[in-house]
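J.: Sequence:
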Amino acid sequence: MLKKRKKYYDICIRKSCKIFTDLDTLKIPELWNVSGEFLRDKINDFFEKQWIDGCFSNFVETLQQNF
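So this note's numbering is basically just the index in the sequence shown, starting at one, shifted up by 134.
Hints were generated in silico from the structure; no laboratory data involved.
Incorrect hints may have been included.
Derived pair list, reagent style DMTMM-like, types lysine to aspartate or glutamate, alpha-carbon separation capped at 20 Å [what the hints assert, rightly or not]:
{"hint": "1", "residue 1": "Lys-152", "residue 2": "Asp-187"}
{"hint": "2", "residue 1": "Lys-137", "residue 2": "Asp-158"}
{"hint": "3", "residue 1": "Lys-137", "residue 2": "Asp-187"}
{"hint": "4", "residue 1": "Lys-161", "residue 2": "Glu-171"}
{"hint": "5", "residue 1": "Lys-152", "residue 2": "Glu-182"}
{"hint": "6", "residue 1": "Lys-183", "residue 2": "Asp-158"}
{"hint": "7", "residue 1": "Lys-152", "residue 2": "Asp-179"}
{"hint": "8", "residue 1": "Lys-149", "residue 2": "Asp-187"}
{"hint": "9", "residue 1": "Lys-141", "residue 2": "Glu-195"}
{"hint": "10", "residue 1": "Lys-176", "residue 2": "Asp-156"}
{"hint": "11", "residue 1": "Lys-183", "residue 2": "Asp-156"}
{"hint": "12", "residue 1": "Lys-149", "residue 2": "Glu-195"}
{"hint": "13", "residue 1": "Lys-161", "residue 2": "Asp-175"}
{"hint": "14", "residue 1": "Lys-152", "residue 2": "Glu-171"}
{"hint": "15", "residue 1": "Lys-138", "residue 2": "Asp-175"}
{"hint": "16", "residue 1": "Lys-137", "residue 2": "Asp-179"}
{"hint": "17", "residue 1": "Lys-176", "residue 2": "Asp-187"}
{"hint": "18", "residue 1": "Lys-138", "residue 2": "Asp-187"}
{"hint": "19", "residue 1": "Lys-141", "residue 2": "Glu-171"}
{"hint": "20", "residue 1": "Lys-176", "residue 2": "Glu-195"}
{"hint": "21", "residue 1": "Lys-152", "residue 2": "Asp-175"}
{"hint": "22", "residue 1": "Lys-140", "residue 2": "Glu-182"}
{"hint": "23", "residue 1": "Lys-141", "residue 2": "Asp-187"}
{"hint": "24", "residue 1": "Lys-176", "residue 2": "Glu-164"}
{"hint": "25", "residue 1": "Lys-140", "residue 2": "Glu-195"}
{"hint": "26", "residue 1": "Lys-183", "residue 2": "Glu-164"}
{"hint": "27", "residue 1": "Lys-149", "residue 2": "Glu-182"}
{"hint": "28", "residue 1": "Lys-140", "residue 2": "Asp-187"}
In this text the structure is predicted, and so the values were computed from the model without any measurement.
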């Protein structure tokens with residue numbers, strides 16, 4: 135089951151990365167006053183390998199503790 139979840143997780147991460155790294159598709163309102171550079175940096179944080187792997191590890195650990 136975990137192998138299937140990991141495969142699905144990786145697919146979702148790749149799709150999300152394509153969507154969120156194109157700032158034009160995000161359509162952030164100017165009213166929010168968020169610079170493109172700041173937003174790019176924060177988005178890149180979410181797609182770092184260490185963060186992605188940590189999130190999945192936390193998911194697995196939570197499953198193991200609760201089932």
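J.: Each hint needs a verdict: does it hold in this structure or not?
T.: Status of the hints after comparison with the structure:
1. Lys-152 with Asp-187: Holds. Lys-152 to Asp-187 sits at ~18 Å (cutoff 20 Å).
2. Lys-137 with Asp-158: With Cα atoms ~34 Å apart, Lys-137 and Asp-158 exceed 20 Å; violated.
3. Lys-137 with Asp-187: 14 Å, holds
4. Lys-161 with Glu-171: 15 Å, holds
5. Lys-152 with Glu-182: 14 Å, holds
6. Lys-183 with Asp-158: 24 Å, violated
7. Lys-152 with Asp-179: 14 Å, holds
8. Lys-149 with Asp-187: 16 Å, holds
9. Lys-141 with Glu-195: 17 Å, holds
10. Lys-176 with Asp-156: 13 Å, holds
11. Lys-183 with Asp-156: 19 Å, holds
12. Lys-149 with Glu-195: 24 Å, violated
13. Lys-161 with Asp-175: Holds, at about 17 Å.
14. Lys-152 with Glu-171: 17 Å, holds
15. Lys-138 with Asp-175: 31 Å, violated
16. Lys-137 with Asp-179: Distance of about 25 Å is beyond 20 Å: violated.
17. Lys-176 with Asp-187: 17 Å, holds
18. Lys-138 with Asp-187: Holds: Lys-138 and Asp-187 sit about 15 Å apart, inside 20 Å.
19. Lys-141 with Glu-171: Violated, at roughly 31 Å.
20. Lys-176 with Glu-195: The given pair, whose Cα atoms are some 26 Å apart, is violated under the 20 Å limit.
21. Lys-152 with Asp-175: 15 Å, holds
22. Lys-140 with Glu-182: Distance ~16 Å between Lys-140 and Glu-182 Cα, so the pair holds.
23. Lys-141 with Asp-187: The hint holds at about 12 Å.
24. Lys-176 with Glu-164: Holds. Lys-176 to Glu-164 sits at ~17 Å (cutoff 20 Å).
25. Lys-140 with Glu-195: 13 Å, holds
26. Lys-183 with Glu-164: Outside the cut-off at roughly 30 Å; violated.
27. Lys-149 with Glu-182: 14 Å, holds
28. Lys-140 with Asp-187: 10 Å, holds
Taken one by one, the earlier hints fail for this structure at numbers 2, 6, 12, 15, 16, 19, 20, 26, listed in ascending order.
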